[in-house]
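*Asks:* So for the first sequence, UniProt numbering puts the first residue at 1; every next one is plus one.
Misleading hints may appear alongside valid ones.
[Said to hold, decoys possible] Computed Cβ-Cβ distance ranges for the label pairs, DEER-style:
(1) 146 / 316: 48 to 58 Å
(2) 216 / 2: 57 to 67 Å
(3) 273 / 296: 38 to 48 Å
(4) 224 / 169: 26 to 36 Å
(5) 249 / 99: 29 to 39 Å
(6) 216 / 105: 28 to 38 Å
(7) 321 / 185: 37 to 47 Å
(8) 315 / 271: 23 to 33 Å
(9) 16 / 271: 45 to 55 Å
(10) 91 / 6: 37 to 47 Å
(11) 3 / 95: 39 to 49 Å
(12) 260 / 185: 44 to 54 Å
(13) 95 / 307: 23 to 33 Å
[Claimed, not checked] Straight-line C-alpha distance at most 30 Å; calculated BS3-like pairs for lysine-lysine:
(14) 111 / 221
(15) 260 / 193
(16) 193 / 15
(17) 60 / 243
To be clear, the hints were calculated from the coordinates, so they are not data collected in a lab.
None of these values were measured; they are calculated from a predicted model.
Every residue, glycine too, gets a C-beta built ideally from N, C-alpha and C.
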Amino acid sequence: MNFISLLNKWYKKNKRPLPWRKTSDPYNIWISEIIFQQTRIEQGTNYYNNFIRKFPNLEKLALSTEDEVLHMWKGLGYYSRAHNLFFTAQHIYKDLEGIFPSTYSEILKLKGIGKYTAAAIASISFNEKIPAIDGNAFRVYSRFFNSEKDISKSSTFNYFFNLMLPLMPDNPGDFNQAIMDLGAIICSPSNPKCIICPIQVDCIAYKLNNQKILPIKSSYKKITELNIHYAYIKCHREILIIKRGYNDIWKGLYEFPKFKDIHEIYKISNTYTTTHKLTHKILHITISEINLESSEFYTIAKALNATILDKKQLKLYAFPKPLDFFLLYN
DNA sequence: GATACGTGGTT
DNA sequence: TAACCAAGTAT
Numbered sequence: 001m002n003f004i005s006l007l008n009k010w011y012k013k014n015k016r017p018l019p020w021r022k023t024s025d026p027y028n029i030w031i032s033e034i035i036f037q038q039t040r041i042e043q044g045t046n047y048y049n050n051f052i053r054k055f056p057n058l059e060k061l062a063l064s065t066e067d068e069v070l071h072m073w074k075g076l077g078y079y080s081r082a083h084n085l086f087f088t089a090q091h092i093y094k095d096l097e098g099i100f101p102s103t104y105s106e107i108l109k110l111k112g113i114g115k116y117t118a119a120a121i122a123s124i125s126f127n128e129k130i131p132a133i134d135g136n137a138f139r140v141y142s143r144f145f146n147s148e149k150d151i152s153k154s155s156t157f158n159y160f161f162n163l164m165l166p167l168m169p170d171n172p173g174d175f176n177q178a179i180m181d182l183g184a185i186i187c188s189p190s191n192p193k194c195i196i197c198p199i200q201v202d203c204i205a206y207k208l209n210n211q212k213i214l215p216i217k218s219s220y221k222k223i224t225e226l227n228i229h230y231a232y233i234k235c236h237r238e239i240l241i242i243k244r245g246y247n248d249i250w251k252g253l254y255e256f257p258k259f260k261d262i263h264e265i266y267k268i269s270n271t272y273t274t275t276h277k278l279t280h281k282i283l284h285i286t287i288s289e290i291n292l293e294s295s296e297f298y299t300i301a302k303a304l305n306a307t308i309l310d311k312k313q314l315k316l317y318a319f320p321k322p323l324d325f326f327l328l329y330n
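Whole structure, please, built from the sequences with the hints as guidance.
*Replies:* Right under this line is the structure:
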């Protein structure tokens, strides 16, 4: 039996019962694929369930607002995913008659969808024979073929893509998901469980005992540090918030007004500091609480073009994690 | 092709 | 603990 048959047999018995596997509707598959970009199953599963409950189909998503979508995405990270998801839902609804594109090349044109996600949707929802290469697949293929190519290079993606393309079986969706499940359950990054691997017999890295040093991945991310000083401006139960732009972190989320020298102007009644670590930067955040009389409060709200928010309405707005945490106790 | 983009779990 | 990493994409 070849490795594809062995893998298929293994997958039928061992596939994980994940919620989005109950359907092949491209809408559901699309949502799941976006949520799970760079995101663990354990972290994203509740988000998937909540998202589908709130937006059960493409029309419901397209007719919502970006703030509603961001609110469902709050805490998940990589917020451009939510921004692009909403954009693409509206594009399909308005320009494509609400019909999800059905081929790899058409799906690839959609905003927020790259080569991996397009292949996943095309193979799972439309049975197109196209390899979906994510981090799991990179690892499995690197070991199976004993490849020492650097998986952070785009040329390596093309290498595996072209290698697997002619090998794709008649059930490409199951095959792609089987590779991913194998990578998650058996062919794990550290301590791969080669002893119980269904395709061990054909795995060249196992034969050469290279499984622990593969895949090769060059990576060095420079971490920068940044100070952010927020003014938490209050008037009784009302506070000021501002929506962030799209060129930086926390795209489209809400935050407090930012100041450099707020202490020189107003009286600070409380100060809260925290350190928040992203993958690529460390944020030193200071939040200064300032209580104002209503006339001054409304004047500064206007000057800052800030949104005045009754704290009872907090649930309608998406805040980044550290501010969400702060608001929980203030 | 290199870098920016979150959050939380693992080693 | 710091580094690494998880169903990647846009620029």
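*Asks:* Please name the hints from earlier in the document that this structure breaks, with their numbers sorted from lowest to highest.
*Replies:* When the structure is compared with the hints, numbers 2, 3, 4, 7 and 15 turn out to be violated.
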